[in-house]
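There are 2 protein chains.
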Amino acid sequence: MSFSSNTVTVLAPATVANVVCGFDVLGFALAEPHDEMHLRLTDEPGVHILNDDDFGLPTVPARNVAGAALLAMLRAAPEVTGVEVRIRKHIRPGSGIGSSAASAAGAVVGLNALLGGRFSRPELVEFAMYGEEVASGVRHADNIAPAIYGGVTLIRATTPTPDIVPLDAPPLFVTVVHPQIEVKTSDARRILKQQVPLQDAIRQWGNVGALVAGLLQHDYALIGRALEDVIIEPVRSILIPGFQQVKDGSHAAGALGGGISGSGPSLFMLSQHEATAQAVADVMRDTYDRLGLAYYVYQTTINKTGCQVLTN
Amino acid sequence: MSFSSNTVTVLAPATVANVVCGFDVLGFALAEPHDEMHLRLTDEPGVHILNDDDFGLPTVPARNVAGAALLAMLRAAPEVTGVEVRIRKHIRPGSGIGSSAASAAGAVVGLNALLGGRFSRPELVEFAMYGEEVASGVRHADNIAPAIYGGVTLIRATTPTPDIVPLDAPPLFVTVVHPQIEVKTSDARRILKQQVPLQDAIRQWGNVGALVAGLLQHDYALIGRALEDVIIEPVRSILIPGFQQVKDGSHAAGALGGGISGSGPSLFMLSQHEATAQAVADVMRDTYDRLGLAYYVYQTTINKTGCQVLTN
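Residue numbers (UniProt numbering), protein chains in the order written: chain S, 1 to 312; chain V, 1 to 312.
Just so you know, the hints here were simulated from the structure itself, not pulled from any lab data. Please read these numbers as outputs of a predicted model, since none were measured by experiment. Even glycine gets a Cβ: it sits at the ideal position worked out from N, Cα and C. Any given hint could turn out to be false.
So, partial list: chain S residues that the calculated Cβ filter (under 8 Å) puts toward chain V [stated by the list, open to error]:
# : residue
1 : V25
2 : I155
3 : N207
These stretches of chain S come out as covered by chain V in the derived footprint (C-beta under 8 Å, 3 or more residues) [said to hold, decoys possible]:
# : region
4 : 159 to 170
5 : 190 to 202
6 : 219 to 226
Can you make the complete structure from the sequences, with help from the hints?
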């Protein structure tokens, strides 16, 4: 075995999945917030989780998202005896901006760095998806992929193996509000209809195609028009107080568009200009101040690199 | 009124709609075959259709696709007294490669040239959609848009107005086979299920996004992987004898992929190299020779300009 280092620090970014029309296929990484993770190879067998925060997340590896992802990875790297992970979470669990994906992605990127980078990014996505399964019961990759690749990613398909397409997007300012209400991913998935009208599906894939084209052609107006969701948003937005006020106010302030981040409750808005993103942040604060709900606002940009490895 | 010329000739291309995963939203224009149309402003009021072929198409303007499109256009240009159209069709009606769209698109592009180009391309698409309504009962634009714009087009949405996104595709060789069987567009639409499983819809919009990305990034392998249709093809391919043989044989010959053109019966295959496109043509001929069905094969490329206007 030749390991490049014995310990490593990883900054694992928050992510926005779905991106309005791209349910289960689109996502992007945020410059802020991010988790900080420290990984260390150990002589003690297995995976060891240490949480450096008060979120009360499980530390039993099979029930911890980082742990489950690392256990999957260790099955493919049987020469590794053990790995210890210390997690300092800044991405609040249940916020809808990829808290579990950051832990899972950061863990596998970190261990891969300790192993000299032997696994490919698609392989890392597959390992990390085991972490998402622990978090939500579904091995989805729409937060995992941007957390690992950075930027905006499209998941063409997840079977037989994840087929991930990085999309070279233009500069975008992102404003995120996390209202302090609970929306469980499993509940948010359960309320979705399992059959959709063909006409709505056509509208949706027209928008997905157009959003991809708008991103790749750096056509901001097209990005704005394509940020339309006729299938998921009408159902899920009911779970999020202030949704329509934030959306309408953000559009009025000049935002390109936006909607629910992942399965919520966070909402995100994309803007071409920083001043617009600031005005959107004000709209978000005003909305939740009036509703008397506590909230966090993040005004940030797209993280282009994904999980960042700092060798110690 | 200042008209740039009194008569005009238009070459109106055949088109492939749907493009496997992009049902109702994607299409591209073919370099061959194309219709030839001659338009003339007349003092005699209204629209006059002259068919220069034996296809027995209606000449009553409201029942003729070119006529219906021109009638819609004349409502927006009330100063025009009349227009005469002589149509020499080379695109066989019922072939599934946009025969009706070529007539409708060619007619409105021709009249627009006679009017000095006053209408925009999105407006022309709207007029031409009235022709498609005559042909199939549905005002769809997935053949019309590429016939007018050329190249590969994405229709983000058709309401409130057509939102058409031209996609700059890499060079592609196209092989088309038109087996001599009848598949009516109206029948092909009727057999589709009006509700689709959400999981299938997600797979489809992942593929649509990936196909757009593959085209814009000139990534041939990605184009190939994205040419997958889990919703329409499983239903419609049953109507087309030889479908699976052509598809499997073409893949074996090295084609990127392909499927049903529009609602069929024509099948198309895309190839990166001309030699592959020739091998695909052989697969198509062999398949229908064995089945004892007459057929036409077109080996061509993508038309980048759409309807071409030749002033007389």
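Please flag the earlier hints that this structure goes against, numbers listed from lowest up.
-> none
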